[in-house]
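Novice: For the protein sequence lines, the chains are A and B, in the order given. At the far end of the first sequence sits residue 217, using our numbering, and the numbering has no gaps. At the far end of the second sequence sits residue 434, using our numbering, and the numbering has no gaps.
These aren't lab readings, by the way, just hints derived from the structure by calculation. Beta carbons: idealized from backbone N, C-alpha and C, even for Gly.
One-sided excerpt, in silico: chain B residues whose CB lies under 7 Å from chain A: (1) L284; (2) L294; (3) V298; (4) V301; (5) I385; (6) A386; (7) W389; (8) E394; (9) A397; (10) A400; (11) L401.
In silico SDA-like links for lysine to any residue, alpha-carbon gap of 20 Å or less: (12) B/K279 - B/A305; (13) B/K279 - A/R85; (14) A/K62 - A/D89; (15) B/K279 - A/V84; (16) A/K62 - B/R302; (17) B/K279 - A/Y205.
2 protein chains.
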Amino acid sequence: VRDDFRRNLTSAQDALAEQADTAAAAIEQATIALLDVDPAAAERSLQHNQALRGRLAELENKAYELLALQAPVASDLRLLVSVVRLGADVERMGSLAAHIAETAQRRHPASVIPELLAPVFRQMGDVAQQMAVDAAAALRSRDTADAARLAIEDDTVDRLRLELFGQIAGGWSYGAEAAADVALLGRYYERFADHAVAIADAVVYLVTGVSAAVSAE
Amino acid sequence: VRDDFRRNLTSAQDALAEQADTAAAAIEQATIALLDVDPAAAERSLQHNQALRGRLAELENKAYELLALQAPVASDLRLLVSVVRLGADVERMGSLAAHIAETAQRRHPASVIPELLAPVFRQMGDVAQQMAVDAAAALRSRDTADAARLAIEDDTVDRLRLELFGQIAGGWSYGAEAAADVALLGRYYERFADHAVAIADAVVYLVTGVSAAVSAE
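Here chain A stands alone, though its shape is the one from the complex:
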């Protein structure tokens, strides 16, 4: 029974990794919507977010079902709590990608961002997408090296965001509304990246926690 429980939890983590991959697809499409003024890409991003929300709700219910059937020990419980908790991180990633897609939709057929900032957003989108992929990999591999890479990528996102603020503060000629949009978009990418980091950090904690529990058994 105990081994079953652990197997089920492991498959829950794999399911979580799949949804992190979906979050990567969601932000990829949202960035395309933003840069190419492409409403079909915005729609795809929102669909990824919907799919991800549905799967995460199922996953959480399954986690509680597991609990109802068994009386898990402490180390298993840490795993379980982490599945529920990281589910919330992945869900936020999907919502943030959706915010980006919706911003692109709201300004259509105009472009939200000035051409000048396209390279910054392109890079921000690439890094954020990669971070979701790396978070998914961390969940699958439980390799703590993934967490270290994510911390570096997170610094890149922070630096790009500062670049946006620098542009807004220095001779901005695109109007107040565009400044507000750019500030909020930068925030959405930054938070997306933060959640990817939180997932990888939790994997490190989990690996440590699980190792400690296993060696104590």
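For chain A, the structure is supplied; the task is to place chain B on it using the hints.
Specialist: Below, chain B without anything else, positioned relative to chain A:
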């Protein structure tokens, strides 16, 4: 042993409520810092946030200790998972208040917000603070009526945020940087409110969940 566990969990919820009250104090001081250009208030807000983070970390560790000592049944586990999860909501509320305080600090001795918008931010701050107090009350009373009130307050925050966007979009004369600041501040208040709503919603779920579990015993 079982009753002990449940008592401990209940005291964990009370501790969580206390931290939600601290989040209310943090956003109160942050709003004062913003409106009165008062650096001492910003400092107090940041101190509240630090205190809250420390207490929540203790609380989470205590929750895991409880787990290590006992093999709780499913209904208790839902409570426990909720303590860990709602701890994350309260933590975000503290961080968002800190972002507001830091924005005020960054522009000091200038005011971040144009005088014209002071009434909007004052109201936003009042409602957000009240929402944290109401979320704390919901945690203590487990009264589902609190959740209904929070939903209405949340609508008010959303409406105030739209008012900010309306100002930015219509004849804004305060520059791009102020527009970016105002957009982000509006976002921080909105997210703070969202987390208060999430706490109250979880209380409703918990009350339902616990009732169901108790009646099944």
